[in-house]
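**Q** Chain residues, written in single-letter form:
Number of protein chains: 2
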Amino acid sequence: MDVLHVGLIGCGTVGSGVARTLLDHGGRLAARVGSAVRLVRLCDRHRDTIKRLRIPRGLWTRDPRQIVRDPTIQVVIELIGGIQPAKALITEALRRRKHVVTANKALLAEHGQELFELAQRHGVELLFEAAVAGGIPIIKTLREGLVANNVDTILGIVNGTSNYILTQMAQRQLAFRPALAEAQQHGYAERDPSLDVNGYDAAHKLAILTLLAFGRSVQLTDIHIEGIQHVEPMDIQYAAAFGYVIKPLAIAKRTHRSLEVRVHPTLLSHEHLLANVQGVYNAIYVHGDLIGGQLFYGRGAGQRPTASAVVADVAELAQRQATGAMQKPPLWMLHRHELRLRPMAEIASRYYLRFSVIDRPGVLAQIAGILGRHHISISSVSQKERRQARTVPVVILTHEARERDVRRALTAIDRLPVIRRHTVALRTEAPAEDH
Amino acid sequence: MDVLHVGLIGCGTVGSGVARTLLDHGGRLAARVGSAVRLVRLCDRHRDTIKRLRIPRGLWTRDPRQIVRDPTIQVVIELIGGIQPAKALITEALRRRKHVVTANKALLAEHGQELFELAQRHGVELLFEAAVAGGIPIIKTLREGLVANNVDTILGIVNGTSNYILTQMAQRQLAFRPALAEAQQHGYAERDPSLDVNGYDAAHKLAILTLLAFGRSVQLTDIHIEGIQHVEPMDIQYAAAFGYVIKPLAIAKRTHRSLEVRVHPTLLSHEHLLANVQGVYNAIYVHGDLIGGQLFYGRGAGQRPTASAVVADVAELAQRQATGAMQKPPLWMLHRHELRLRPMAEIASRYYLRFSVIDRPGVLAQIAGILGRHHISISSVSQKERRQARTVPVVILTHEARERDVRRALTAIDRLPVIRRHTVALRTEAPAEDH
Numbered sequence: 001m002d003v004l005h006v007g008l009i010g011c012g013t014v015g016s017g018v019a020r021t022l023l024d025h026g027g028r029l030a031a032r033v034g035s036a037v038r039l040v041r042l043c044d045r046h047r048d049t050i051k052r053l054r055i056p057r058g059l060w061t062r063d064p065r066q067i068v069r070d071p072t073i074q075v076v077i078e079l080i081g082g083i084q085p086a087k088a089l090i091t092e093a094l095r096r097r098k099h100v101v102t103a104n105k106a107l108l109a110e111h112g113q114e115l116f117e118l119a120q121r122h123g124v125e126l127l128f129e130a131a132v133a134g135g136i137p138i139i140k141t142l143r144e145g146l147v148a149n150n151v152d153t154i155l156g157i158v159n160g161t162s163n164y165i166l167t168q169m170a171q172r173q174l175a176f177r178p179a180l181a182e183a184q185q186h187g188y189a190e191r192d193p194s195l196d197v198n199g200y201d202a203a204h205k206l207a208i209l210t211l212l213a214f215g216r217s218v219q220l221t222d223i224h225i226e227g228i229q230h231v232e233p234m235d236i237q238y239a240a241a242f243g244y245v246i247k248p249l250a251i252a253k254r255t256h257r258s259l260e261v262r263v264h265p266t267l268l269s270h271e272h273l274l275a276n277v278q279g280v281y282n283a284i285y286v287h288g289d290l291i292g293g294q295l296f297y298g299r300g301a302g303q304r305p306t307a308s309a310v311v312a313d314v315a316e317l318a319q320r321q322a323t324g325a326m327q328k329p330p331l332w333m334l335h336r337h338e339l340r341l342r343p344m345a346e347i348a349s350r351y352y353l354r355f356s357v358i359d360r361p362g363v364l365a366q367i368a369g370i371l372g373r374h375h376i377s378i379s380s381v382s383q384k385e386r387r388q389a390r391t392v393p394v395v396i397l398t399h400e401a402r403e404r405d406v407r408r409a410l411t412a413i414d415r416l417p418v419i420r421r422h423t424v425a426l427r428t429e430a431p432a433e434d435h
Numbered sequence: 001m002d003v004l005h006v007g008l009i010g011c012g013t014v015g016s017g018v019a020r021t022l023l024d025h026g027g028r029l030a031a032r033v034g035s036a037v038r039l040v041r042l043c044d045r046h047r048d049t050i051k052r053l054r055i056p057r058g059l060w061t062r063d064p065r066q067i068v069r070d071p072t073i074q075v076v077i078e079l080i081g082g083i084q085p086a087k088a089l090i091t092e093a094l095r096r097r098k099h100v101v102t103a104n105k106a107l108l109a110e111h112g113q114e115l116f117e118l119a120q121r122h123g124v125e126l127l128f129e130a131a132v133a134g135g136i137p138i139i140k141t142l143r144e145g146l147v148a149n150n151v152d153t154i155l156g157i158v159n160g161t162s163n164y165i166l167t168q169m170a171q172r173q174l175a176f177r178p179a180l181a182e183a184q185q186h187g188y189a190e191r192d193p194s195l196d197v198n199g200y201d202a203a204h205k206l207a208i209l210t211l212l213a214f215g216r217s218v219q220l221t222d223i224h225i226e227g228i229q230h231v232e233p234m235d236i237q238y239a240a241a242f243g244y245v246i247k248p249l250a251i252a253k254r255t256h257r258s259l260e261v262r263v264h265p266t267l268l269s270h271e272h273l274l275a276n277v278q279g280v281y282n283a284i285y286v287h288g289d290l291i292g293g294q295l296f297y298g299r300g301a302g303q304r305p306t307a308s309a310v311v312a313d314v315a316e317l318a319q320r321q322a323t324g325a326m327q328k329p330p331l332w333m334l335h336r337h338e339l340r341l342r343p344m345a346e347i348a349s350r351y352y353l354r355f356s357v358i359d360r361p362g363v364l365a366q367i368a369g370i371l372g373r374h375h376i377s378i379s380s381v382s383q384k385e386r387r388q389a390r391t392v393p394v395v396i397l398t399h400e401a402r403e404r405d406v407r408r409a410l411t412a413i414d415r416l417p418v419i420r421r422h423t424v425a426l427r428t429e430a431p432a433e434d435h
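Residue numbers (my numbering), protein chains in the order written: chain V, 1 to 435; chain H, 1 to 435.
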């Protein structure tokens, strides 16, 4: 039986899970794949790691170059994350004709194009199932399972931390801060949670999904990104009263020759397929011309689900080695450059608008008047009686409107003397339907 | 660019969809796969087909042997269904070292083992993504995406017709017959719907999933199969009152070294992930040691979703041809024969029991007494007052009980003079949870 020699860089949470899976379940993997996988080197800054993982001391190194430069190693697993030194290590590994398996979404989102081309040039693979949605095999699904389709829509809850926080805010009427603190206590949020809650982690993943589904490379600066940190419990409650939930969504949609890519908290009808994805769970809805709508649901992070994805990539390399074919055709390379990126101002949505107004007769008429002049028509209004406060919320759900019009209208409205705070505007997503 | 020559046998609904996809979207497929796919021969009994599909007349043949014996054809797509002549044609194609792509679940469920071994021996592939859950790439997912996992549970709604009928019965208080008639009107049920509603179609699919997920070949006779044809509107309503929905479930579960495989209408708590899978949609829940629970949801039948799966298999062959590797290692071949099939009598579940009794004092005490003597404890009871009818339903939801005990108790109860009809017993499935 062939043996694939693997080196692992980075033995944090996910790395430990991968090491344990390869060491403990090597047998079952070999039986399924027809080729053995041997972990021959393991790099971590901390010597304790090898004790903790009970692995032979000889495998351990503190220097990652001992892995990327080892001529016997055929596959390098990079799990240190971040841009550098990960990028330099992966680059060197690819140049030395080693396959690379990574979970590094930030690196792929920012430098994927360059690294994929490098792999291609050197006849090796750069695989990344673990970079999006943890254990859900969405990369393989888009790249192979749905290869016959023209995808037109991807809607993803791809950041478990944000979804956990909004779920807690909704179910237990918590404010953002305490919900975040709780996520941190449970280990669902990093000590520095900014990338998760500000939408950038989701944007990294969206960039990767967009490349796969639409063959279009997008930069982070091409993506409209709003985090969940400004969602207030009040907005969740008003949304619920209108029959909606607020979910952290990554959205990529193709219409004709243009593509919109955006990440923001989004109102979904409670009947929407994604509305019931709770807690740290991830889910990705894909709509294609043949399949209609499909949904993939599971744990998007955590040691074992992510290890499942990393090991699946390694298994694929082992399997292809056993059959003598090492390079996968560059499915994702079909760059439809004709796909124009649609400017955010052009998108259309129904909007949830929360105005903070002085409770005075005629205010609603003023607001409605400005909306009307910008071609925005009102679907529902909620204004609750409040006697104590002089500032009251007025919430409006619009019919479909253009982002440009909404922005212009809100600029005008926020200048009114009766408006006390910046108006909150959230977009909605229509029920997923087959067409 | 390499060209893969494909012959298609059977141009019904799915076959036409495959032909159209290959003819119309050959270009996008070639770009994604790095290898072209050319449909060079097409077999159908009816000459009209080629007119309808607007394909060159020279491609058409009425004789399927002209496809399996054509030395220029590398891949045979079999879409005629049924055991014969499909089996003979596939056998001949494999013997002539042609890859085969099929959607034929009945054939694979009954003769898969033999055909897979034949393919293996001749160094070719037998692919079957379309055989289970239409456009959902569940076969590839189990075989590759989740390869690192030990799966312990599969719960699937894999027959769209049954799910559509039960959904209509629940949402519109229809009886089974009119709901079936409606499914037929909408083209969701065959003129002879028996395989769908009696659970055998789901059992065929379960046999395939079981082979992939557990490496265990099971016969249809190993599977406990109950259809949905005896579910009454009344049962759906009582279940709803207890907080449950009734879904047509295919279940495979591993516990220690034993495996249970069964197909039957099942009560699911309305919070269960599968409870909201409505209409013709399919969904498969998979629980594995690394991933925890995952759910895959989409259209399980129909021309275009099924064509999506068939073409994905063809694309995989084209891709592997381009990279020079033609045989996939037999992932599914890991037969863990040590997995004992658990007899149905040994399974445990909470049960929904509907007794048809004469409305007379002391009846409930009699029933409860017999249940108690068989170690079955009662969780809830519903007995509505009925003045007109002399026979009234008494519905009991039990705590977890053994199937053997339930059967014995019901045999005893059904002998009571106060019992007017055979007692209805349905099993429940506990909420999917991670452990």
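Hints in this document: simulated from the structure, not taken from any laboratory. Be a bit skeptical, because a hint or two may be false.
Between beta-carbon pairs, the in silico distance windows are [as the list claims (entries may be wrong)]:
#1 R172(H) <-> P431(V): 30 to 40 Å
#2 D24(H) <-> R121(V): 26 to 36 Å
#3 V3(V) <-> Q84(H): 23 to 33 Å
#4 T13(H) <-> G243(V): 51 to 61 Å
#5 P85(V) <-> V3(H): 39 to 49 Å
#6 P85(V) <-> R69(H): 38 to 48 Å
#7 Q66(V) <-> D2(H): 31 to 41 Å
#8 V3(V) <-> A241(H): 54 to 64 Å
#9 T13(H) <-> A88(V): 48 to 58 Å
#10 R69(V) <-> R54(H): 36 to 46 Å
#11 Q237(V) <-> A241(H): 22 to 32 Å
#12 P343(V) <-> D24(H): 24 to 34 Å
#13 E117(H) <-> P343(V): 50 to 60 Å
#14 T221(V) <-> E338(H): 24 to 34 Å
Ideal placement from N, C-alpha and C gives every residue a C-beta, glycine not left out.
**Q** Decide, hint by hint, whether the structure agrees.
**A** A quick look at each hint next to the structure:
| no. | hint | in the structure |
| --- | --- | --- |
| 1 | R172(H) <-> P431(V): 30 to 40 Å | violated (20 Å) |
| 2 | D24(H) <-> R121(V): 26 to 36 Å | holds (33 Å) |
| 3 | V3(V) <-> Q84(H): 23 to 33 Å | violated (44 Å) |
| 4 | T13(H) <-> G243(V): 51 to 61 Å | violated (37 Å) |
| 5 | P85(V) <-> V3(H): 39 to 49 Å | holds (44 Å) |
| 6 | P85(V) <-> R69(H): 38 to 48 Å | violated (59 Å) |
| 7 | Q66(V) <-> D2(H): 31 to 41 Å | holds (40 Å) |
| 8 | V3(V) <-> A241(H): 54 to 64 Å | holds (60 Å) |
| 9 | T13(H) <-> A88(V): 48 to 58 Å | holds (54 Å) |
| 10 | R69(V) <-> R54(H): 36 to 46 Å | violated (58 Å) |
| 11 | Q237(V) <-> A241(H): 22 to 32 Å | holds (30 Å) |
| 12 | P343(V) <-> D24(H): 24 to 34 Å | holds (32 Å) |
| 13 | E117(H) <-> P343(V): 50 to 60 Å | holds (58 Å) |
| 14 | T221(V) <-> E338(H): 24 to 34 Å | violated (56 Å) |
The structure is inconsistent with the numbered hints 1, 3, 4, 6, 10, 14, although it conforms to all the rest.
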